[in-house]
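Q: Given next are the chains, with one letter for each unit.
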Amino acid sequence: MIKTIIKREFLDNILSFKFIACVLVAIVVSLASTSILTQDYKDRLRNYDKGVVSAKEELTRIPVYSCLKIKLYRKPSPLSIFVAGIERKVGSYAEIPNAPMDIPTSLQGGVTKNEFAAIFSIFDFSSLIVIIFTILAIFLAYDSISGEKESGLLSLALSNSVPRYKVLLGKYLGALVSIAVPLAFCFILGTLFVLFSKSVELDTHFFLSMGLLFSVSLLYLSCILLLGIFVSSRTKTSFSSLLLLLGFYLVLTFLIPQAVKSYSANAIIEQTKNVENNLETVTNEEDKREDEAYRKTPFKKQWRIPNDFTNMRLYGGIILNRISSPELLENEILWRSIRTPIEKEYTQKVYDLKNKDLNIEERIRNGTHRLLALIPSTNFSRIAELMADTGEDSLGRYLRHVALYWHEYMRYLDEKGAFGLRFTYPGPEEQTPYEKALIKKITDDSTELLKGKARSAMYQGKYYDEALNYRPKLTFLNLEDLPAFKSPELGMTEGLQGNLLNIVIMVFYNLLFFVLTYFSFSIYDPRRID
Amino acid sequence: MLKILLRRQLVEDILTSRFFISLVLILSAVCVFSLVFTDHFQQSQDTYSKAMAQNDRNLQQFAKSPVGSLGSSMQSFLLKPKPELFISEAYEENIPQGFLYEPYNYSLQLLSPKEEVSGAQHYRSISKKENPADVFTYSPDLTFIVQVLLSFFALILAFGAVTAEKEKGTLGLIYSNPTKRAYFILAKYLSALFTVGISLLIGLILSLILLNVLSAVPFSSSLISSLSLFFLVSMIYLSVFILLGILCSVLSHRSKNSLVLCLLIWVFLVIVFPKTTGMLLTLKRFDVPTGEEIQQLAQKASFETEDRLTKQLPADWSRTNFEKYRHNELFLKMLFAYDKAHQDTLDYYLRKKISAVETTRRVNFLSPASLFEYSSSSVSGTGLIHFENLWTQIRRYENDFLSYVKNERSVLEKGSFFYLFSDTISDKPLDFNAIPKFEDKNPKSGKRLKDASPYIGLLVLYNLFLFAFVVYKFQTYDVR
Amino acid sequence: MAKQQPILKTDDLSKRYEDGVLAVDHLNLNIYPGEVYCLLGANGAGKTTTINLFLNFIPPTTGTCYVNGIDVTKDPLEAKKYVSFVSENVMLYGNFTARQNLDFFAKLGGKTNLAKNDYYQVMRRVSLQEKAFEQRVKNFSKGMRQKLGISIAVIKDAPGILLDEPTSGLDPKAAEEFLEILNELKKEGKAILMSTHDIFRAKEIGDRVGIMKEGRLVMERTREELQYEDLVKIYIDYMKSEPLKIWPLPGEPAC
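Protein chains in written order, with numbering that gives the first Met the number 0: chain A, 0 to 529; chain B, 0 to 479; chain C, 0 to 254.
In silico lysine-lysine, DSSO-like type, Cα no more than 30 Å apart, as pairs: (1) B:Lys49 with A:Lys287; (2) B:Lys310 with B:Lys332; (3) B:Lys255 with C:Lys141; (4) C:Lys106 with C:Lys137; (5) A:Lys353 with A:Lys74; (6) C:Lys137 with B:Lys472; (7) B:Lys351 with B:Lys79; (8) A:Lys353 with B:Lys49; (9) A:Lys68 with A:Lys343; (10) C:Lys115 with A:Lys6.
Quick list of simulated restraints, FRET-style, between CB atoms: (11) B:Arg17 with C:Thr61: 33 to 43 Å; (12) A:Phe507 with B:Ile208: 37 to 47 Å; (13) A:Pro487 with B:Thr289: 22 to 32 Å; (14) B:Arg17 with A:Tyr517: 29 to 39 Å; (15) C:Tyr227 with B:Asp477: 49 to 59 Å; (16) A:Ile528 with C:Glu129: 32 to 42 Å; (17) A:Leu500 with B:Gln44: 30 to 40 Å.
If you are wondering where the hints come from, they were derived from the structure by calculation, not from laboratory data.
If you're wondering where the values come from, they're calculated on a predicted model, not measured in any experiment.
C-beta atoms are modelled at their ideal positions from N, C-alpha and C, and glycine is treated no differently.
Start from the sequences and build out the full structure, keeping to the hints where you can.
A: This is how it looks when you write it as structure tokens:
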């Protein structure tokens with residue numbers, strides 16, 4: 000009995016104009032979206048590969064530890080073709096700069112090359128489902144009960160000995176199958192497209208995730224269908240049920256999430272201001288402490304400041320001092336011995352502050368998400384993003400890993416003496432005798448320099464590039480024991496765990512609406528109002 | 000005859016629960032958005048005034064000692080947050096916020112939304128913290144209310160224009176009298192226009208009041224002129240949707256079909272189409288290099304210029320003994336050209352990015368929703384057009400600033416160029432109050448209307464075309 | 000005449016709606032197999048409500064409806080096995096063909112093993128044109144749709160048939176054909192309850208005719224009795240706004 004009803008509902012749906020129009024639009028859009036996003040993914044993957052290779056290469060060209068610049072590239076997730084998330088808007092790598100005192104709290108190297116492109120948005124599969132398929136679901140469900148009542152078919156059906164719950168179940172399952180078929184078609188189309196485009200290697204994780212994404216989409220759409228059928232069984236006319244559903248849809252999908260997100264964005268900006276104020280306080284404190292410390296010593300600040308600003312441009316923006324006399328050297332060593340520990344302490348304080356800020360931000364974002372999880376469409380978007388590893392959480396997770404690595408890296412640098420002395424000297428024609436002797440010492444004896452107080456040096460000649468040519472004489476760098484960075488991989492179980500609550504909410508909504516509809520339909524008056 | 004039809008239609012449209020519900024929805028949306036906007040606007044203004052205060056501090060230091068504080072004489076020119084943002088936010092927060100101007104090397108650097116500017120202190124930032132916008136963010140502004148909510152409402156009013164009458168049987172009755180067909184359509188159209196116009200007007204007045212009360216935005220004449228222009232543009236946009244609704248009604252025989260057709264068209268034109276065409280930007284022809292690559296290209300251009308021009312210098316010239324050439328005219332010319340080449344490259348790519356976006360926008364002209372979005376942002380002077388205005392104003396300011404300093408303090412007699420070399424400026428202090436200051440001015444309403452005119456023109460064309468089509472189709476409509 | 004059990008029976012049936020309207024007032028009906036009972040009455044007299052009560056679409060206020068001896072409120076699913084329903088002006092599934100519609104409703108009615116030819120046979124029996132069998136219903140005329148409606152009832156082959164104003168809006172030829180089918184069904188032994196406005200047809204086809212006014216069955220005549228009385232006059236007189244008056248049978252004293 001139910002099978003009959005399902006079959007009829009299904010056939011009736013696929014022959015209707017609204018279904019055909021929606022499905023056509025869905026197919027066209029999913030093809031366009033997949034093709035463009037695949038191309039984009041390939042570009043980003045290529046950039047990633049290039050970046051990793053060039054970062055490795057750059058490491059080999061760096062002469063000393065204090066110039067070490069680490070770039071940690073983030074591999075783009077193949078699922079971002081289908082759920083774009085924020086991956087395209089954040090950068091592609093985290094940079095730990097040289098003489099690193101700053102822990103990266105955001106990614107750099109903007110992926111979107113054109114900053115003005117931010118005014119356009121991307122239509123990915125997740126939006127395809129939240130927009131087009133949801134509207135299709137509303138179209139299929141809004142007149143499932145009230146429409147049949149208006150045409151008298153419901154009376155005709157109920158004049159037979161088929162129990163009401165079977166009729167209801169048949170309608171629901173029929174609509175579900177009607178929407179599952181085009182959905183599956185779009186998914187398969189997308190997957191095939193990605194499969195057949197070269198240079199995208201896929202693993203089982205990808206297919207599994209696609210399957211899960213499909214199931215979650217179906218779960219979400221089922222929720223919408225049941226809501227639609229419920230509303231259809233409560234209103235007098237099909238028209239009012241359609242209006243009600245569309246009104247709900249507009250308000251719940253666009254208005255409310257926007258308002259909530261704006262509020263949370265404002266809260267986050269408030270938070271940033273706090274952090275900045277605290278940062279300012281800490282910075283001022285540090286400056287004062289430094290000045291205090293210098294006052295007690297024979298340190299001469301003016302011997303450090305360059306006389307001519309032209310140093311800045313020609314030397315590529317790095318301000319270094321020439322140590323053309325022993326007094327200057329002593330001054331320099333004094334400066335280093337005072338400043339370095341204060342700097343380290345300061346770095347830790349800044350890190351703690353920023354970490355606290357990131358945590359609070361994350362808490363605000365999680366709160367927002369939890370609230371928004373009550374709305375089916377935003378809930379679904381979030382589940383999709385979490386599965387595809389392109390949401391804000393994945394960014395946060397990556398940055399946390401980078402922070403852990405940063406600590407390791409700091410320890411490593413400290414051991415290697417990267418926080419030692421740096422100075423610059425001009426070309427051979429202009430060196431003072433003292434400098435000549437100093438340099439000779441550096442080039443002859445790379446590890447023992449002035450009784451171990453100064454540990455590294457850097458050559459600065461006509462152009463910075465030339466310095467690299469002198470590498471064989473000056474390199475102290477040995478990167479074999481550089482700690483490796485392990486990129487966080489999103490396993491299947493982790494993905495599901497984070498999502499568990501959201502999926503439970505979705506299932507709950509399904510059950511709730513079904514139960515409500517069951518009761519509503521059992522008292523429903525099928526007579527046509529003339 | 001028309002008056003009779005019109006009066007009846009008006010009564011019907013306004014006394015329905017549809018109108019009341021829509022009005023409530025629109026007014027509550029306005030209220031919610033005002034609250035959200037207020038919060039945000041306050042913060043933006045704070046950030047902006049902090050940045051401007053920093054500019055002033057830098058200028059004061061510069062005034063005290065034009066040579067000594069060269070390094071910190073930079074100013075940041077940002078998009079000034081305007082109350083018109085409530086009318087149309089136009090993604091202003093997502094595009095680059097402005098420029099960093101360093102006069103001593105003529106450099107104008109683009110500031111992206113999450114730029115951290117390290118000035119004298121390392122961690123001072125003047126950015127808006129990055130909160131990457133979700134895919135379908137619509138900014139909470141009046142444009143959204145009109146573009147999405149009111150257009151939907153207009154369709155609801157109009158979709159049953161003809162089919163509902165037919166189903167009630169009254170269409171035949173009306174035509175048994177000597178009524179012109181066009182009058183019938185006109186009555187429906189005018190009544191629907193009036194109804195949405197009233198809702199919009201009430202919404203706008205409410206928003207003006209709320210803005211004044213909540214965020215202390217004064218009733219300035221520029222704001223009122225912006226609101227009036229916005230009202231005009233919205234009415235033209237909504238009229239398109241009323242006509243679309245009537246058209247769908249004329250093309251169907253049952254209200255059900257008409258409604259489905261209307262909704263499908265609405266979803267496509269308002270949501271799907273404007274949001275998918277952005278992807279065209281990823282096409283090869285709109286490719287621009289990354290930020291770092293642009294910097295490298297600019298550097299390369301500078302080096303090439305330097306190499307080209309230093310050939311004219313004496314043979315013993317080298318970068319290390321340039322001190323000897325400080326007063327050499329050729330050398331100074333070369334330095335100027337060096338910086339100019341750098342800046343020209345940056346400008347070239349910035350121009351390219353903007354025109355890529357504008358070209359992509361042209362594809363969206365098919366959708367009245369996009370046309371409305373662009374015209375509303377032009378009329379409010381926000382978004383991309385705000386940025387372009389800023390850029391133009393900055394360029395003018397650059398000239399004013401440099402010629403001021405040159406006139407006041409330059410000791411160089413030779414040459415028509417100006418270069419802030421320590422020997423070319425006298426170290427006497429400047430008068431801080433006389434230094435030209437930069438201000439981001441709102442363009443006049445005449446100019447804003449002119450900017451918006453291509454989009455408005457297209458919308459009007461849309462209207463005329465639809466109206467003609469509706470009247471034509473209705474002539475042969477079966478009224479039984 | 001052997002006293003058979005009535006297939007369709009109401010026992011002191013009353014229905015008062017929430018707004019206070021008394022739609023059916025102590026109705027007693029008995030419809031036996033092999034007879035056509037025509038229920039006449041003005042709009043709002045209670046004919047459609049009666050049918051709805053039989054189908055358990057609404058619960059009665061007092062009294063009971065029985066289908067084949069089963070109380071419809073107590074065991075509706077069982078009761079519905081024994082009754083078919085032909086509603087007024089039903090649109091059916093426009094995108095499906097006649098056969099597909101028939102197939103669907105046959106299956107709903109419990110007949111799951113029928114072949115295409117069985118459907119064709121039934122449709123031929125109700126004089127539906129051959130070429131319409133595989134045509135989409137949305138292009139059907141009203142007469143064709145009514146025929147399809149009755150074919151749905153025929154194929155269910157239930158002992159009781161409820162028809163709600165089946166000939167309204169049909170042209171005379173189509174109405175004739177429709178009544179022909181009813182006649183055949185009657186001869187097969189079905190109990191048929193038909194509500195209608197159409198006095199003339201009621202007189203033609205009805206073995207018994209009842210007039211409802213304001214929810215009450217105010218008059219009931221058999222075919223033989225109607226040969227001597229002018230039904231039309233009775234009906235029209237009757238519909239004039241007069242207080243409830245029960246017309247006595249000839250020979251009965253007026254009360």
